[in-house]
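Protein chains in written order, with the working numbering: chain D, 313 to 730; chain H, 58 to 529.
Hints are computed from structural coordinates only; laboratory data are not their basis. The beta carbon of each residue, even a glycine, is placed where N, CA and C say it ideally should be. Fair warning: there could be bad hints in the mix.
Claimed, not checked - With beta-carbon atoms standing in for the labels, derived distance ranges:
1) D704/D to G345/H: 57 to 65 Å
2) S180/H to P418/D: 37 to 45 Å
3) E91/H to K445/D: 30 to 38 Å
4) G655/D to G345/H: 26 to 34 Å
5) G655/D to A363/H: 32 to 40 Å
6) R508/D to G352/H: 55 to 63 Å
Now for the letters of each chain:
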Amino acid sequence: MAVSFKLPDIGEGIHEAEVVRWLVQEGDQVREFDPLVEVQTDKALVELPSPLSGQVREIKAKAGELARVGEVLVILGEAEAVQEQADRAEVISAPILTAGRVLATPAVRQLARDLMIDIRLVSGSGAAGRVTKEDLLAHQRAQQEQQEQQEQRLSDAERAEESSRSTAEESVRSQALPSIDAIAPTITRVPLRGLRRAIAERMTKAAFTAPHVTSIDEVDMTELVSLRRRMNKLLEPSGQKITYLPFLLKALLIALKEHPYLNAQLDDERGEIVLRSDYNIGIAVDTPDGLIVPVLKGAERRSLLELAAEIGRLTELAKRRALAVEEMRGGTITISNMGPLGGLFATPILNYPEVAILGVHAMQEKAVVYQGEIAIRTMMYLSLSFDHRVIDGAEAVRFTNRIKRLLEHPDLLVLEMG
Amino acid sequence: MVVGDIAQNVQTVIIGAGPAGYVAAIRAAQLGLEVVLIERGEVGGICLHAGCISSKALIQAANAIGTLAQATEMGVELERHAFNMQKHQAWKASIQQKLTRGISALLAANGVTVVKGTALFMSEDRIAVETEQGMEYYRFEAGIIATGSRPQPLPNLPFDGLHILSSTEALRLTELPKRLLIIGGDCIGLELGTAFAKLGTEVIIACSESDILQGFDHSLVQIVKKNMRRAGITLLTQAEVCGHTIEGGTVCVTLQQGGAEKKVAADKVLVTVGRRPNTEGLDLDRVGLSTDEHGFLTTDHQGRTANRNLFAIGDVTHGPLLAHRASREGMIAAEAIAGRNSAKDMACMPTVLFTDPEIATVGLTEAEARAQGIAVTVGQFPFAASGRALTLGRGAGFCRIIAEQESRVVLGVHIVGAEASSLVGEAALAIEMGATLEDISLTLHPHPTLTETLMEAAADAQGIAIHVAKRR
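This is chain D alone, in the form it adopts within the complex (with noise of 0.2 Å):
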């Protein structure tokens, strides 16, 4: 007996995944919850287990494409029954042409066209040989598959053509520098695919839906600095430490409770700002296949000391590409911390639906006007990017001027933070 994989429903709000990699081949003997397929969701790497113990007879999603909850990722079963599939799948593996024509409703051929397929290539799975709408989707997923392969095996190549041509110009080099132009350039040509993708696909819409400003301000630091150095030397014994980002935390929370419009969610539909009264501040963290924001909920409850650790066990997860998918749901704002990588100040984009994202700069001495004199002082740049449509400069101003005001002076933030 066959039995129809699906994609399950695996978090709220998923309605589809891409298939990234098959565990299993097709004639697999799999026991019940063994590893099937790697899916990326929205963020997450999920592993979908096997619901059953039988043999993998058809993958129907292959890997690269995209499946929507509840279709057919892969049909299951008993051994038995493989022969029968293999014969049918035979049977209409050459397109039918029936008085020189390929049987097609007049509305998939419309497809077709559209589709830029030439429906004469396409085999059809229904009656008599009718090409139907589904094989036209298949056939063009089957196209860029092996369109993908023909590009990968084609930069391969390149770089093996690339690799072989500069070990054979050693011997040329010792003797004269090599020409510019006897290296060809090569093009790399990547799929975008995963991680990346979905970046893509989220940066492009955050970029085109919501109009962003980005305000920048300059923070002295230096109070805080010696701050924290003395919190650091008091934990020294218990082997803690303990970051910046926890203050900030604190600050943008004390901010955020006073306006609660860089805490809102635009909903289009409704016509409606929707402020929220939680505050999950994601963190942009950058990990080897991009970059991924798990979400810190509760932030407003926690010591500084419990900040810190959360931050570095989320951190740590993400880069692990290991975090759960409620970890990274719900944000509310984000901070995007490029402190440890340099530059002076950048304009982030809003991590959509979010109206508000925080960048963090490097810190750096620098010569500054202070209490009347010219004096060396600790000095970083805030950059906040706002959704115009919810709020305004001036709003946008003030609340940056709150944090600043919270970082320079860390009594004060001591004083107010829960």
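Got chain D sorted already, so can you dock chain H onto it with the hints?
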């Protein structure tokens, strides 16, 4: 409206508001294009004013008289009946008026600007329209030529509008001719000839071919010929026109038939020997276009001409001169201009003849299929076995279906019989959808209707028809 030589910019101009042009205009407007539709006569074109609709009105009147004769047989006793041509023309005019107003309203509702006048191209992107008020000029991004066709004259029997008539003029007669000679054995001549004969005119049809309705299956034509004879129509085949004289209101046409000369006198002569496209006078050379020797324009799968910004649709292009082809081509051209991927890829094109009985065909004939090397299976159902056909008093005719033997996919349907024109729509859908004989025979068709004939024919092709005994 600006008068003078200042060109107005417009996205799409369409020349001709017949079934090709007005449909293209509406579709283009639906797709957001700004459209100027140029028409020298009235919207609706020949189809509405001197073709399909007009001839159907006449045929309907003629059939009414035929029905009256049958009614007597059915037990209806009639004292007297007569045909009043003037009243008929008034009735027909009221229909035409209704339809013309309808098209005008649709064009207006879609925001199409209709300009009444004669168009000619000035340059690659400019067109002039000679209107009653003077010349108007338009600069266009895309153009559609939909100027249609007109009756083809015979060199030795030119139209004079009085005695030697085209179909247009014959349809506008206010008096029934006593004796009508029709030159040409194609559908227009047969449709009008049969109608006039039923209305009381003595009709003689002369064609140069060996038989009427060239290109149609012989078995279909036989049934029509039988009814023509019954209506008193004289048929002269392989008869060539040699000359004519007009004397005292009578035309005497000399025909060459089998080496012998034959003189036929009639008070009216109707010449229906084909139609020619209206492509002269447009100054097509100014847009880089030329026609073939017969005046037709060559187009691609979307109706695009050699000039990428210009499309040609309907009777000015190669293909059967059919209003439904013209309308579809209008939609496709408009969609192509709007950037869509539409194409002329119809699996079949139905043809209907309003003869007595009607002939309607779609798809391949048995002979055509065999010529393509296709093994076919054929089913047929006689109207004489249809309860509905008999109660209509229309038991003549049959429905034939041709399918590919192995796949049973329907390739063609050929019907001769009452309401064949309406029945063929379902067959066209079946062919477009790639339906099989089973798809048709397993679909419930209502009883008692003529539609059962197609279902039974499909069953017969499988050897399982209920209402015919197994052949062989």
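Outcome of the hint check:
no.	hint	verdict
1	D704/D to G345/H: 57 to 65 Å	holds (58 Å)
2	S180/H to P418/D: 37 to 45 Å	holds (38 Å)
3	E91/H to K445/D: 30 to 38 Å	holds (34 Å)
4	G655/D to G345/H: 26 to 34 Å	violated (59 Å)
5	G655/D to A363/H: 32 to 40 Å	violated (58 Å)
6	R508/D to G352/H: 55 to 63 Å	holds (59 Å)
Checked against the numbered hints listed earlier, the structure breaks hints 4 and 5; every other hint is satisfied.
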